[in-house]
Every structure is written in C-alpha cells, then in structure tokens.
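*Asks:* Sequences and hints are given; from them, build the entire structure.
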Amino acid sequence: MSKSFNLLDHLEFVRLRLLRAIAAYAASAALGFWFAPFAIDALMVNEAGLSNLVFLSPTEALRARIKLALAMGLLLGLPFILYQVWALFVPAMDRRTRRVTLFLIPAVYLLFVAGVAFCLVAVLPLAVRFLLGFGGEQLHQEISVANYLSFVIGFTLPFGVIFELPVVVIAFTKLGILRPEALARQRKYAIFGIFVAAAVFTPPDVVSQVMLAAPIVVLYECSIILARLVEPKRAEADEVELEGGV
Amino acid sequence: MNAGGEGDNPLPGPLGQLLKMLEEEGEALVEHLAELRVRLIVFAAAFAAGMTIGWLYSPHVLALFQRAVGRLIFVAPAEALMTRVKIASAIGLTLALPVGLYQAWRFVAPALFPEEKRLLRFFLWAGSLLYAGGLAFGYWVVYPVSLSFFLAFGTDGLRPAIVVSRHLAFFLGTTVSFGIAFQLPLALLLLVKAGILTAQRLKEVRRPALFACVVAAAALTPADIVSHVLMAVPLVLLYELAVWLAPRFERKSESA
Numbered sequence: 044m045s046k047s048f049n050l051l052d053h054l055e056f057v058r059l060r061l062l063r064a065i066a067a068y069a070a071s072a073a074l075g076f077w078f079a080p081f082a083i084d085a086l087m088v089n090e091a092g093l094s095n096l097v098f099l100s101p102t103e104a105l106r107a108r109i110k111l112a113l114a115m116g117l118l119l120g121l122p123f124i125l126y127q128v129w130a131l132f133v134p135a136m137d138r139r140t141r142r143v144t145l146f147l148i149p150a151v152y153l154l155f156v157a158g159v160a161f162c163l164v165a166v167l168p169l170a171v172r173f174l175l176g177f178g179g180e181q182l183h184q185e186i187s188v189a190n191y192l193s194f195v196i197g198f199t200l201p202f203g204v205i206f207e208l209p210v211v212v213i214a215f216t217k218l219g220i221l222r223p224e225a226l227a228r229q230r231k232y233a234i235f236g237i238f239v240a241a242a243v244f245t246p247p248d249v250v251s252q253v254m255l256a257a258p259i260v261v262l263y264e265c266s267i268i269l270a271r272l273v274e275p276k277r278a279e280a281d282e283v284e285l286e287g288g289v
Numbered sequence: 385m386n387a388g389g390e391g392d393n394p395l396p397g398p399l400g401q402l403l404k405m406l407e408e409e410g411e412a413l414v415e416h417l418a419e420l421r422v423r424l425i426v427f428a429a430a431f432a433a434g435m436t437i438g439w440l441y442s443p444h445v446l447a448l449f450q451r452a453v454g455r456l457i458f459v460a461p462a463e464a465l466m467t468r469v470k471i472a473s474a475i476g477l478t479l480a481l482p483v484g485l486y487q488a489w490r491f492v493a494p495a496l497f498p499e500e501k502r503l504l505r506f507f508l509w510a511g512s513l514l515y516a517g518g519l520a521f522g523y524w525v526v527y528p529v530s531l532s533f534f535l536a537f538g539t540d541g542l543r544p545a546i547v548v549s550r551h552l553a554f555f556l557g558t559t560v561s562f563g564i565a566f567q568l569p570l571a572l573l574l575l576v577k578a579g580i581l582t583a584q585r586l587k588e589v590r591r592p593a594l595f596a597c598v599v600a601a602a603a604l605t606p607a608d609i610v611s612h613v614l615m616a617v618p619l620v621l622l623y624e625l626a627v628w629l630a631p632r633f634e635r636k637s638e639s640a
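Going down the list, the protein sequences come from chains R and B. Each residue of the first sequence is one higher than the one before, starting from 44 at the first, in our numbering. Each residue of the second sequence is one higher than the one before, starting from 385 at the first, in our numbering.
Bear in mind the hints are in silico, worked out from the structure with no lab data behind them. Built from N, CA and C at the ideal position, the CB exists for glycine as well. Since no wrong hints were added, every one of them can be taken at face value.
What follows is a list of derived Cβ distance ranges for each label pair:
{"no.": "1", "chain 1": "R", "residue 1": "L99", "chain 2": "B", "residue 2": "Y441", "range": "28 to 34 Å"}
{"no.": "2", "chain 1": "R", "residue 1": "L153", "chain 2": "B", "residue 2": "A418", "range": "54 to 60 Å"}
{"no.": "3", "chain 1": "R", "residue 1": "P201", "chain 2": "B", "residue 2": "G541", "range": "41 to 47 Å"}
{"no.": "4", "chain 1": "B", "residue 1": "T436", "chain 2": "R", "residue 2": "L145", "range": "52 to 58 Å"}
{"no.": "5", "chain 1": "R", "residue 1": "R58", "chain 2": "B", "residue 2": "A432", "range": "54 to 60 Å"}
{"no.": "6", "chain 1": "B", "residue 1": "A602", "chain 2": "R", "residue 2": "P201", "range": "41 to 47 Å"}
{"no.": "7", "chain 1": "R", "residue 1": "V243", "chain 2": "B", "residue 2": "A418", "range": "28 to 34 Å"}
*Replies:* Set out below in structure tokens:
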C-alpha cells in the first residue's frame, strides 16, 4: 500500500518537472519567435555575398521563423531544462553528488554556447562563402529562408554537441571507464580520427576542416588535463568507500 | 584433412556443392577473384577519370541549362555544389559505362559457349545502341519539346526562375529514363530466349501490352503529358519491333 502511494507520489513529481521543463522551453521559444527577424538578419553572412533571402511558398516565412524560434528556444532554455532534469534525480543522489552534478549544469551550458558561438562566428562564414562560390553567371543565388536556416541549424548544432567532449570525458573518468593515461596514449589516433571526422562533417575544403578539428583537438587536450585533476579524487573516494564498507 | 571434414559433415543442397567446389577449385577461385578485383579497379579508375572530366565540364552543362530556361537559380546553400557533383557523376558514369561493360564481358566470356557468347555480344551491342538511341531521342526531341511546352505557360508577369536541382531532375527524367525504357525489346527477347514467352504469346497479348506501355511511360517520365506521349509512342514501336524479332529468338530445340 505504502509502495503504491510512493510510486504515485513519484509520478506526480516527474510530471511537475516535465511540465516545468516544457514551460521553460515554450517561454524561451516564444522569446525566440519575437527575436527571430533580428536573428535572421544577424545570421546572413554579408561578407560571403549573402545579403538577402527569399521565401518560395506562401507559408515558408512563417515556418522558417517557427523553426528558428524552436532552435533559439533550445539555446535559451537549456539551463532551465537541465536544472529540471537535475532536480528530477535529486532524491536519488547523496549530498556530494548533488553538488558536483549541479556544477555540471553551467559547464554543460557554457560549453554548448561556446560551440555554437564558435561555429557562428568562425566556421559558418567560411562554409557559406565556400558553398555560394559555386554559383555564378549561369546560376543565380536565391537562397530561401527555410533552406538557409536548416543549413545553419544543422551546421551549428554538432558544434554545440562536440564541445561537450570535456564533460563526457570527466564523467567517464569519474565512472572509471576512461583513464587519462589511456587518453594520452591514444592521442595520435584520436587526432587522426578528429581530422577525418572533421573532413566528413564540413564542406570539402581544408579551411573549415581545420576550423572544426583544431578546437576539438584543444578540447581533447583540456579533457586530458581535467581528467588528471579528477582522477586522484576518484581513487580517494574509492578508498573511503572501501573503508566505509569494511 | 579438408576432404575428410567435408565427408564427415556434408552440407545438404547447393551450399554443400558450393563448399565442395570451393575446396576442389580453391586456387582457380582465388585467381578469378584476383581478376575480378583488377577489373573492378579498372572500372573504378575509369569512373573517377570520367567524373573528373565531368566536373571540369559541368559549368558548360549549367550554361546549357541556363540558355534553355532563361533564369536558373539555386535556393539552398549547398545546392550549387551538389548539382555540380551530380552532373559530374552522371557524366562520369556515362563515360565509364563502356569500360565497365567491356570489363564484365572479358570477365564472363571465357566461361561461355560460342552460342552464348554470340548471344551476349548481340545483347551488349544492341543494348548499348538502344541506350544511346534513347538518350539521343530524349536529348534532341523530348527535352527541348517538353521544356518549351512548359515554359510557354509563363507570361510577362510570370517569369521563369528555375531551381537548378529540379531542372537537373527534369533533364535526367527526359533523357536517362528514355535510354532505360528503350531496353524494352531486349527484355522481351530475353524472355523469349529463356522460353518464358513465345512469339505467339507476344502477339496475343498485344492490346494489354500496349496499354502497359502507355502506363509505364506515365510512370517513367516526369509528370507531364508531353514527355508521356513522346515516350509512349516509341515504346509501342519498340514492342512491335520485339514482336517482329521474337520468332528468331524462339527455342528451336524444345519445339523440335
């Protein structure tokens, strides 16, 4: 009896967290909708020869604006959503884990924003200039707004995700799956793999490949350093746990 | 040891036969595989060379398109690049196709009886000629006729600004699909040769077959009436060609 009561209670709690996360996302998406026209102006890369966009069907301008609003909603609302996810797991964590994971939220968010910002400022202009360069006398450029925003979002999001690499590495180190020595030993292969992946994920020119690969390599090195900082603590914690267990 | 193992545990059916053959003729098989590898590499090299030529030639194709439609645009950031890559691949494949067919012929020919060789040679040449004929018909007749038909629906206030990837799809739909559709008589003659169809049967089912030709023409062409009619007419003629040639391809040994 008491067990079923607990379960219902817990579901109620999950529902609350879910509703708050959705509300946070909706609010930031609404903000994004209002802000979208300015964002579209800012996203057009003038120096790459992109000074105007068109819409090719009656509903396209609105659809594109909603799409951008949803993407910006994710960008703005991510810390609130992450907080709700964290709060969902609070009852299952001890005090130290709570503190550590709470500090992870700003780290995750800042890395995501850093990745997105890096892409928008440094890589996107290069890619757009490269791709638009294939137009010319015979082939006029009339980029439609929905196509352009899909391209920008699809190009930017991977950067935000890839920039989470240090967090993933630290988490795996804490869990004991990864060791910093292993990361350092595999450096050669990792850098090679990063450059290959960068070649696949960017337009086929060397510049944008390096622009994607270089920061990931830096992130990889940062991850190794951070993992070294984290690892001794893990060993101590194990010892403490062992002593406590005995 | 291998033979003993095989004897202990024989797999039933064709798989077992294949394994037995593998053991008996392992070296010959390895030789064949090595030859196949070389022939595939030759084909891949021809394709790469053809694609390079196609890439260098692709601006001329775009210029051709642009002259045909007036104003050609690209509407997505990567579209201009992707269209050029597609044009280059199409040209590369076309240029490499004879090389590929020749390599396939050289690989298969030693295993064939003279009679089969003669037949295969006929099918390769006829297929290539029909394919070229279909392409030529599509390029010089269907493409310009249907394009000017559609562009004529524009007015002073309604001007064409054709999206290049769609125009490429239209172009391939009015050329390559004709090359493929023109293979119809060969497919029919192959069925006659295999004994699945007879010349008599081809004549009997003429009416439903002609109807099927018209339906297939609708499915193979871009959704428009002009290229539909322009494909249905040659398909019907090619069916008649197959009916006319079919008696020569009938199996003599079985009827005797």
